[in-house]
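Asker: The chain contents come next:
Protein chains: 2
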Amino acid sequence: MNNLKSKRSARLIDMTRYLMENPHTLVPLTFFAERYSSAKSSISEDLTIVRQTFRDRGIGLLETIPGAAGGSKFIPYILKEEAEQFVNEIKQALNDQSRLLPGGYIYMADLLSRPYILRQIGRIIATQYLNHDIDAVMTVATKGIPIAQSIANLLNVPFVIARHDSRITDGSTISVNYVSGSNRRIEKMVLSKRSLPEGSNVLIVDDFLRGGGSAAGLSDLVKEFNCNVVGISFFAEGVYNGERKISADQYTSIFKINTENDKISVSEGNYDNKVYGYLDNKEN
Amino acid sequence: MNNLKSKRSARLIDMTRYLMENPHTLVPLTFFAERYSSAKSSISEDLTIVRQTFRDRGIGLLETIPGAAGGSKFIPYILKEEAEQFVNEIKQALNDQSRLLPGGYIYMADLLSRPYILRQIGRIIATQYLNHDIDAVMTVATKGIPIAQSIANLLNVPFVIARHDSRITDGSTISVNYVSGSNRRIEKMVLSKRSLPEGSNVLIVDDFLRGGGSAAGLSDLVKEFNCNVVGISFFAEGVYNGERKISADQYTSIFKINTENDKISVSEGNYDNKVYGYLDNKEN
Numbered sequence: 279m280n281n282l283k284s285k286r287s288a289r290l291i292d293m294t295r296y297l298m299e300n301p302h303t304l305v306p307l308t309f310f311a312e313r314y315s316s317a318k319s320s321i322s323e324d325l326t327i328v329r330q331t332f333r334d335r336g337i338g339l340l341e342t343i344p345g346a347a348g349g350s351k352f353i354p355y356i357l358k359e360e361a362e363q364f365v366n367e368i369k370q371a372l373n374d375q376s377r378l379l380p381g382g383y384i385y386m387a388d389l390l391s392r393p394y395i396l397r398q399i400g401r402i403i404a405t406q407y408l409n410h411d412i413d414a415v416m417t418v419a420t421k422g423i424p425i426a427q428s429i430a431n432l433l434n435v436p437f438v439i440a441r442h443d444s445r446i447t448d449g450s451t452i453s454v455n456y457v458s459g460s461n462r463r464i465e466k467m468v469l470s471k472r473s474l475p476e477g478s479n480v481l482i483v484d485d486f487l488r489g490g491g492s493a494a495g496l497s498d499l500v501k502e503f504n505c506n507v508v509g510i511s512f513f514a515e516g517v518y519n520g521e522r523k524i525s526a527d528q529y530t531s532i533f534k535i536n537t538e539n540d541k542i543s544v545s546e547g548n549y550d551n552k553v554y555g556y557l558d559n560k561e562n
Numbered sequence: 279m280n281n282l283k284s285k286r287s288a289r290l291i292d293m294t295r296y297l298m299e300n301p302h303t304l305v306p307l308t309f310f311a312e313r314y315s316s317a318k319s320s321i322s323e324d325l326t327i328v329r330q331t332f333r334d335r336g337i338g339l340l341e342t343i344p345g346a347a348g349g350s351k352f353i354p355y356i357l358k359e360e361a362e363q364f365v366n367e368i369k370q371a372l373n374d375q376s377r378l379l380p381g382g383y384i385y386m387a388d389l390l391s392r393p394y395i396l397r398q399i400g401r402i403i404a405t406q407y408l409n410h411d412i413d414a415v416m417t418v419a420t421k422g423i424p425i426a427q428s429i430a431n432l433l434n435v436p437f438v439i440a441r442h443d444s445r446i447t448d449g450s451t452i453s454v455n456y457v458s459g460s461n462r463r464i465e466k467m468v469l470s471k472r473s474l475p476e477g478s479n480v481l482i483v484d485d486f487l488r489g490g491g492s493a494a495g496l497s498d499l500v501k502e503f504n505c506n507v508v509g510i511s512f513f514a515e516g517v518y519n520g521e522r523k524i525s526a527d528q529y530t531s532i533f534k535i536n537t538e539n540d541k542i543s544v545s546e547g548n549y550d551n552k553v554y555g556y557l558d559n560k561e562n
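Quick note, the sequences are listed as chains S and P, same order.
If you're matching positions, the first sequence starts at 279 in the working numbering and goes up one per residue.
If you're matching positions, the second sequence starts at 279 in the working numbering and goes up one per residue.
Source of the hints: derived by calculation from the structure; they are not laboratory data.
Any given hint could be a false lead.
Remember, identical chains collapse to one label, so a pair may be satisfied in a single copy or spanning two.
Said to hold, decoys possible - Simulated pairs of lysine-lysine, DSBU-like, Cα-Cα distance not exceeding 35 Å:
1. Lys285 with Lys466
2. Lys534 with Lys369
3. Lys541 with Lys471
4. Lys501 with Lys421
None of the values given here were measured: they were computed from a predicted structure.
Extracted from the complex, chain S is given alone in its bound form (with noise of 0.2 Å):
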């Protein structure tokens, strides 16, 4: 009975390691069963206290997809609560007045460098596309790289850089040009076209929003490659005069961060923790 307990123990501490490093994938109940010598009834069991446990510390989802060909799939999220707390305190190191930089720019590399914080934002973006079906992230260098990197991590599939320089080791690109919606520049973006395959569905995301150039030339880009645009997600967004590139319904940001006057004013963004309206469906 003992030697029973300590292989239960065992096996979750070790599940909850695999499915953390494997989210979004299909573990079917037989390879677990082998990596433990298992029954696949004691497996059964082990993923149902796994499922509640994650459920009661707000972790994500452990979905259970019966049959043959089922098995148990982790979908991280994030709860209302947590990301509430951690968006307040994000709020507070942001409204620090010695971030204001000349021309009403904001210094933020230093948070967007914490893994701590880059996993949560990774959380509060995925949470939102929990109903999607997503193939890649997507940025443009540089400051929106962890950004992509924190979620793809999240969902399990690769992020692809756009550029506005091509570089040697992109080998042959795709580029666009598109109008930088602050200074009205024409400016181009290129992509490695190996990086995207025909018709993926394509989360783009970046640091920060102004006139919404970027986020307009990567949805061109992403058009070029016949892939589909899921989402637009951006850490932050600044105050803008004039109309931007993207509508405010393309898109969603976590704050909302304004600096005229030469004072920083940080409230929240137009993003929307909608797990409960997918749980509804999936866990009761």
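Following the hints, position chain P against chain S.
Answerer: Chain P in isolation, oriented as in the chain S frame:
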């Protein structure tokens, strides 16, 4: 009894998740005791099971620090066998001749954008520095960023990104000039002054080593910040005819890629898996 048992199960699952998300962090026994409203003796038993499973599965070391100020610290590593299996897998992927680009360059952006591959690269590089204190991971934009972020996740430290051109959003910067190893041009590298506190121990990483100019530039930049270079690690190194700006004992690489005569040939780099030497002190 059944209730007690299920409580332990839930604790083990949540603990595993918590430790994985907070590596290299001393978690006091009292933190878990309060989190689960459980006796310290139960938590202690839980941690023994977690420690043993992490070791059995090659996930990492759960270091136990005894005493009133003590607790547990999860130190992720990868064992030789898993590392070698991964290295072989990627070696085959890199050996695909269609990756060859004009000028002897090689396309590898698809590999360095997949969460699983980046995690394993991170584990291999982090394992080489198990005996070192690292406060920050540093790279130069843009292709080293995903590798830096992956290692930073495992070490739970920030990563800092130097650039060839400074951006408004960097604020004040410190810059160094360096001689590019490959084309002997004088280049510039800048880093935001706020991004690296004095006295930090810095691990430098990048995707590819050619002449070593960038790595030498990054080292100079670290010194300009009155910080220390702990080590320099690359995903891959090329064949270089001439003297590199950094010597062979200053860096590690996972792969050596030869593209002479328009043919890709990949072998293992000089990385060394030192986990056993480290564990001799800690696990026995």
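Asker: Hints broken by the structure, by number, lowest first?
Answerer: 1
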